[in-house]
Amino acid sequence: MGRYVIRRILQALLTLGIVLFLLHYLMALSVQIRGNPALLFFGGDRTPDPAMLEQVERLYNLDNSCYERVGDPCITPFVERLQDYVQGDLGTTLNGNRDVAQLLSIYIPNTLRLFVFSVITLVAVSMVLGTWAARHRGRFIDHTVRGTTILADSIPVFLILLSYVYIVAVPLTRWARGIWGTESFMGQVFRPNYNPDYPWTTIIIPGIIVGTVGLATMTRLIRASQLENLGSDFVRTARAKGLKPMRITIVHVIRNSMIPIVTGIGFLFAFMLSGAVLTEGVMGIPGMGRMIFQAVQRQEGNLVIVGLTVSAFVVVFVSLIVDLLYAALDPRIRYE
Amino acid sequence: MRRMRMTVAAIAAAGLAAATAACAGDEGDVDGEGDGGGVINMQIGEVRSLIPGGSGESEGYRIIKNVYDGLVYYDIETGEPENLVAEEITSPDNQTWTIKIKDGLTFHNGEPVNADAFIRSWDRTAYAPNALPLNYFFGTFEGYAEMNPDPLPEDQWADPEVPEYPEVATTHLSGVTAVDDLTIEVKLTAPFIGFPTMLGYEAFYPVAEECLADLEACEATPIGNGPFMFEEPYDPQAGGTAVVWEDYAGDKPKIDAVEWHVYLEGDDCWADFLTGDIDICSPSAADYQSAMSDTELAERVIQQPDPSILMLAFPLYDEKFQDVNVRRAISMAIDREGVLNVVGPERFTPLDEWVPESILGGGTNSCGEYCTYDPEAAQELLAQAGGWPEGEPLKIWVNDAADNLDIFRAIGDSISESLGITYELVPMEWTEFLTARENHQLDGPFRSGWGPDYNLNENYLEPIYGGGASVNDQGWENEAYNAKIAEAGAAATLDEAVALYAEAEAILAEDMPSVPVFGENFNFFYTERLDNVEVHPIYAGPRGDCELRTVTITE
Amino acid sequence: MSELTAPVPTTERQASLWSDAFRTMRRRPDVIIATLVLLLVFAMAAFPRLFTDKDPTQCLGREARLRPDTWFTGDHPLGTDAFGCDFAATLVHGTRPTIALALSVIVASVVIGLVLGIYAGYYGGWLDSVISRALDVFVVIPMLMGAILILSLFRGRVSTESLVETIAAPAIALTLFGWMEFCRYTRAATLETKNLDYVIAAKCLGASDRRIMFKHILPNAIVPVTAVVPTTIGGIIVTESALAVLGIGVQPPATSWGVLLSDGTEWAGGGYVYLFAWPLGLLILTVFAFATFGDALRDALDPKLR
Amino acid sequence: MSETVRVIGDTLPGADFNAPLLEVDDLRVEFRVRGQRIPAVRGASFTLEQGRTLAVVGESGSGKSVTSQAIMGILDTPPATITGGAVRLHGVDLLEQSEETRREVRGNHIAIVFQDALSALNPLWSVGFQIGELFRVHRGTSRKDAKLKAVELLDQVGIPDAKNRVGDYPHQFSGGMRQRVMIAMALALDPEVLIADEPTTALDVTVQAQIMRLLKRIQAERNMGLILITHDLGVVADVADEVAVMYAGEVVERAGIRDAFKRPAHPYTKALLRAIPRVDTVGQELEVIRGLPPNPAKLPGGCPFHPRCFAAEDKCATEVPPWIEPAEFHGSRCHFAEEVYTDER
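Residue numbers (numbering that gives the first Met the number 0), protein chains in the order written: chain A, 0 to 335; chain B, 0 to 554; chain C, 0 to 305; chain D, 0 to 344.
Quick caveat, the hints were computed from the structure, so don't treat them as lab data.
Quick caveat: nothing in here was measured; it's all calculated off a predicted structure.
Where hints are given, some of them may not hold.
Claimed, not checked - Straight-line Cα separation of at most 30 Å, DSS-like style, residue types lysine-lysine; simulated pairs:
| no. | chain 1 | residue 1 | chain 2 | residue 2 |
| --- | --- | --- | --- | --- |
| 1 | B | Lys394 | B | Lys251 |
| 2 | B | Lys99 | B | Lys186 |
| 3 | D | Lys162 | A | Lys243 |
| 4 | B | Lys394 | C | Lys53 |
| 5 | B | Lys319 | B | Lys394 |
| 6 | B | Lys319 | B | Lys101 |
| 7 | D | Lys143 | A | Lys243 |
| 8 | B | Lys99 | B | Lys251 |
| 9 | C | Lys214 | C | Lys202 |
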């Protein structure tokens with residue numbers, strides 16, 4: 000077990016290392032092909048003085064000549080970058096000269112909060128629907144659940160969000176405030192935009208909406224595993240033992256069904272990150288997804304690399320946890 | 000099970016937040032019962048810096064102009080500079096200016112606002128190694144060149160592709176001297192009558208000594224001399240609250256505080272405006288239409304021209320655009336009203352001049368008939384000029400920000416419809432567009448937008464079309480024009496200068512190196528709790544702002 | 000996902016697997032409806048002229064956003080769009096880039112995935128290590144994020160002259176981050192199949208590696224891959240629309256459903272719901288049809304879980 | 000021998016101790032698949048007395064497992080439905096009891112051992128937990144005591160070092176040991192009837208014999224009624240007292256074990272017996288029954304065995320054979336039962 004974990008961690012580190020380098024190379028290529036992002040520093044409609052531009056380039060380590068040669072992997076800046084990262088210096092942004100580490104400390108918790116609600120939603124809804132469909136296998140309810148979840152998955156999540164923000168949120172908020180008052184939980188929860196004064200309340204709705212990403216996949220997984228377990232020999236044994244249906248479900252079905260759920264979450268996590276880009280954009284949540292999108296838009300190389308590496312780290316970490324959870328859930332699996 | 004606990008925690012946390020907010024409300028009179036006061040909720044974009052000279056964008060300026068007081072303040076009606084911190088600003092020759100500062104003014108921390116306060120701010124911005132965005136404002140000052148040296152000769156560079164610069168020896172602008180504690184003397188490199196109009200801008204605000212001692216702290220909690228001050232640090236991601244400074248010497252604002260809520264790129268304050276969480280907001284084109292059809296809401300709109308303008312400029316270095324009639328034909332082929340209908344009526348107004356009316360010296364209608372939609376005349380002009388090359392699309396170059404694509408697509412559609420030529424829209428990313436435009440690499444008309452730095456028609460003429468064919472983006476050069484600009488700069492009075500600049504605009508109109516398309520409009524809606532809402536035409540920010548010095552909260 | 004495993008392979012079983020699947024699918028009403036929807040959409044993509052006689056590039060600013068008050072008749076049966084072009088024409092002509100993009104991405108991804116997966120699974124060793132590592136690396140960056148990264152970083156002059164130029168950039172970006180799933184399935188199926196008796200027999204008879212890979216192993220690998228193809232196509236269409244809304248997908252004035260949606264969302268709030276509802280309805284209908292079809296196909300190919 | 004004298008009336012109201020222990024009377028089960036009704040059991044009847052062993056023999060698909068599950072009341076409904084007949088325990092028809100009573104009967108009165116212990120045991124729980132669960136649910140025993148009982152039971156079924164293995168998971172046992180665990184679990188509540196559904200099919204021959212001996216021993220010790228379901232007549236010979244042969248969902252022959260082996264009264268039984276390899280037939284060719292077991296959805300008319308029968312005549316294809324008893328306690332569903340019994344056919 001211990002050896003397995005160490006091997007997995009080493010593998011994960013290698014993956015992250017490659018990701019880091021590829022990102023660096025992409026950024027370098029983009030600077031080489033598209034021109035210098037230092038121009039961004041000046042913003043607006045005007046042309047900066049070349050001398051000033053040079054200053055800025057030097058400030059952000061963009062003055063290395065490798066950025067002039069298309070295709071050059073820019074190894075020296077990469078090594079310098081790694082050294083900085085190792086020393087805990089994540090650098091600053093071009094636009095506004097902000098400390099990246101500090102930005103992350105604001106953005107990461109927001110995205111995590113979003114994920115908390117979406118994972119809860121996803122698991123709860125798909126559990127209920129999947130179990131329900133499995134119980135009524137082949138009947139109307141089964142088909143309805145399947146159709147509905149597929150339909151829900153067919154509607155792009157950002158369109159659900161936009162519809163919410165533009166159509167539902169305002170009247171709902173006004174209505175709730177009319178009853179419970181502005182400062183109440185209900186008066187805040189439906190707000191069309193995230194508000195930092197209510198970091199938990201105003202993130203619930205977007206979290207729930209992101210939670211519909213992959214609902215069909217998850218429901219299908221749960222339905223399938225429930226069917227497999229319900230029809231399994233050991234459930235028959237349990238019935239032969241004279242156990243009540245409730246106990247059979249709790250003791251003998253749910254734990255066995257957890258395994259695909261864990262896989263599903265590991266698998267869908269990456270999709271949720273994608274969902275976060277759009278959700279955070281639409282709902283104005285200052286989180287990782289939006290940060291990465293804006294950084295990419297602005298050619299903020301350093302921010303892109305740090306942001307995507309963090310996201311890659313999360314994905315790798317989650318898949319590691321999923322594998323370890325397997326072992327915890329299923330005594331048959333022992334990693335050697 | 001753990002997840003359950005987390006939900007409970009979440010709800011508990013939310014409840015707590017609501018509770019504390021409610022308490023704060025009781026003390027700070029958030030609900031603002033009666034007698035003025037209260038907190039106004041403003042939207043704001045991402046602020047780059049809160050120290051004068053470091054922002055250079057509308058959002059930072061919207062905070063800075065309330066936290067700091069400059070030497071002059073632009074009159075909301077006429078736009079002319081009126082002395083604020085300055086006692087008087089004089090010059091015998093428009094080249095050496097003497098600025099007298101009012102006595103007894105202080106910063107929020109008690110430091111005096113004197114000549115040094117301004118000089119240390121200007122020195123900081125003009126010093127090249129500080130790399131501040133508003134550095135270029137001091138380009139006309141004597142001593143600027145020493146602080147912003149040219150690169151070393153190429154053979155002295157370590158890497159032949161990386162230019163190197165000499166060390167900057169001086170940290171002080173030699174053209175600026177403190178005659179006494181409250182008097183500054185500024186020497187310019189050339190006469191410039193409009194100098195006082197520049198002084199209301201952020202680049203010329205004072206900075207406290209304590210601020211320079213710890214820039215990081217000052218960035219978060221600016222030490223200003225204006226009517227509002229921060230007690231808590233401002234967070235560029237989340238916003239912050241500025242309260243009225245009790246010891247402010249001028250007219251105190253009628254409200255208690257302002258809370259800025261941050262809406263980053265792509266966010267929209269409109270929904271929050273409708274729920275009453277934001278007090279002033281500018282809607283998108285679609286929301287504008289539905290807002291105006293709400294009679295109650297339509298009463299709470301402020302509509303006035305914004306001095307920003309949009310033009311379609313020509314690459315005069317390209318042979319296809321040599322004939323002025325081609326340029327006129329394209330201008331007359333643009334159905335400005337039709338384009339407006341596409342991008343949203345009343346967001347813009349059709350423009351037939353190069354300096355908009357709200358600017359000192361603007362409103363000359365210098366383009367006249369050539370900026371009026373007339374497809375037949377356009378076709379005739381094009382025929383006179385020898386027609387358009389067969390089968391070649393007209394390429395229109397734009398940077399792909401905001402709704403540029405929509406606007407120029409509609410312009411392209413209109414040109415194509417009127418002249419019967421096909422067009423191709425070439426969107427480019429901003430930095431790339433900027434470089435291509437400067438390096439004269441475009442082979443078709445391109446987007447050119449301008450927002451003023453200060454309130455003078457000169458700002459719309461000299462920076463865009465001056466400097467000669469090799470310098471400006473259009474590659475346009477006209478000696479009469481350059482002479483007129485120089486003459487105006489040396490004029491004896493401001494009025495005289497303004498008139499001379501207007502003459503220069505007329506010369507420009509003859510040659511038409513660019514086509515005026517639209518002047519922008521503000522369409523700001525405000526909530527019913529506000530009264531006396533005024534919007535300053537200069538630097539109001541694109542998404543909603545008002546004069547915090549005069550606004551009142553009724554309720 | 001893991002619920003898919005390659006069935007025991009012999010040529011006849013393969014044949015009967017597919018014909019069984021076909022027979023099961025043919026009987027399901029939802030599949031029939033989904034197929035009809037998809038045929039309609041494909042027809043719109045292939046022969047737009049059948050559905051509208053208007054030129055979608057002829058736009059009059061003054062006629063922008065005429066509501067479709069006269070339903071399905073008159074000059075503009077569905078009204079005009081935000082630029083004053085005939086909306087029905089725009090909608091129909093926007094189908095082709097959307098469908099072409101989705102199909103080219105899926106074809107490219109499947110081919111890349113199959114080839115890499117078979118080689119990795121068949122030869123193992125360092126080739127497998129390299130491909131598996133590449134898989135790991137690409138998997139950690141979600142498709143949409145990867146596409147955003149590539150499209151934004153290398154955004155430049157995009158010509159919208161021809162269909163190929165219009166969809167090339169998003170197609171490449173989406174393919175780059177879309178092949179992994181197929182590669183993983185293929186690799187697993189290959190590993191499972193390559194030690195089966197008949198493959199070993201073929202080897203003993205002196206069949207070349209390539210012949211074994213593509214004649215004997217491929218038919219097995221293709222089963223799990225096929226089962227996810229329709230659903231993935233739906234996913235690509237959705238991703239394309241997301242990219243368009245973010246402003247980095249298909250570039251206007253070229254149209255796709257995504258571009259129409261991104262325009263539509265802007266105006267839906269102002270009372271021009273039809274600008275949003277039509278492309279949205281079309282998109283959901285198509286994606287739903289693909290998903291339903293895919294769901295049924297998955298069931299048909301893996302009857303255990305029906 | 001059971002020390003705990005159970006008050007059957009508590010869990011099974013109306014029990015009559017003069018009635019046979021278990022009586023299956025004309026049991027009928029159908030499967031309903033896609034609107035089609037497929038008969039799986041078409042009238043199974045047999046009786047089991049205390050301390051006796053009944054072997055139910057038949058090919059796969061003959062309905063023997065369905066019968067056992069119907070007795071237990073654990074058929075999957077749908078698709079299976081019991082359409083007729085009775086299952087009487089001490090004279091009480093279980094089919095008419097409430098679900099609650101039936102749950103009490105399961106484990107307490109009737110227990111079952113399944114064929115494949117690997118899939119019949121939940122892979123995620125330790126064997127101790129799964130055995131102890133019975134005590135905890137039916138007797139309200141504490142977790143700790145339940146574990147002690149489990150150790151005791153494992154010990155009884157011959158699992159070495161039971162104390163340490165009680166926390167192990169099913170996959171950690173060998174096939175034979177796993178089957179012992181299964182048996183231990185079935186014995187936990189000291190049932191009166193034990194159904195062993197192909198208990199040795201999945202095992203090696205040597206292990207098979209061990210398990211059979213174990214079952215026999217336990218049955219004798221506890222004086223249980225044992226129903227041994229198998230497709231292998233050879234296994235049955237030493238263990239069973241009576242045999243019921245099933246074909247196509249019905250009992251075609253019922254007899255004492257010796258009688259059945261010596262003088263089978265149904266051609267099917269006869270054919271089955273000929274298919275058993277025996278020491279005295281070494282060197283001879285083994286006979287196999289020609290043809291395939293019938294598709295229950297499309298049973299041949301008349302006697303369902305006739306297409307494969309060596310003794311079939313025309314009337315076999317048209318007339319359903321009656322139940323004929325050529326000797327006492329020996330019945331057969333064949334037109335020619337007498338002839339077959341007397342070996343004239």
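Hints, one by one, checked against the model:
no. : hint                    : result
1   : Lys394(B) <-> Lys251(B) : 54 Å, violated
2   : Lys99(B) <-> Lys186(B)  : 15 Å, holds
3   : Lys162(D) <-> Lys243(A) : 29 Å, holds
4   : Lys394(B) <-> Lys53(C)  : 24 Å, holds
5   : Lys319(B) <-> Lys394(B) : 11 Å, holds
6   : Lys319(B) <-> Lys101(B) : 57 Å, violated
7   : Lys143(D) <-> Lys243(A) : 22 Å, holds
8   : Lys99(B) <-> Lys251(B)  : 23 Å, holds
9   : Lys214(C) <-> Lys202(C) : 12 Å, holds
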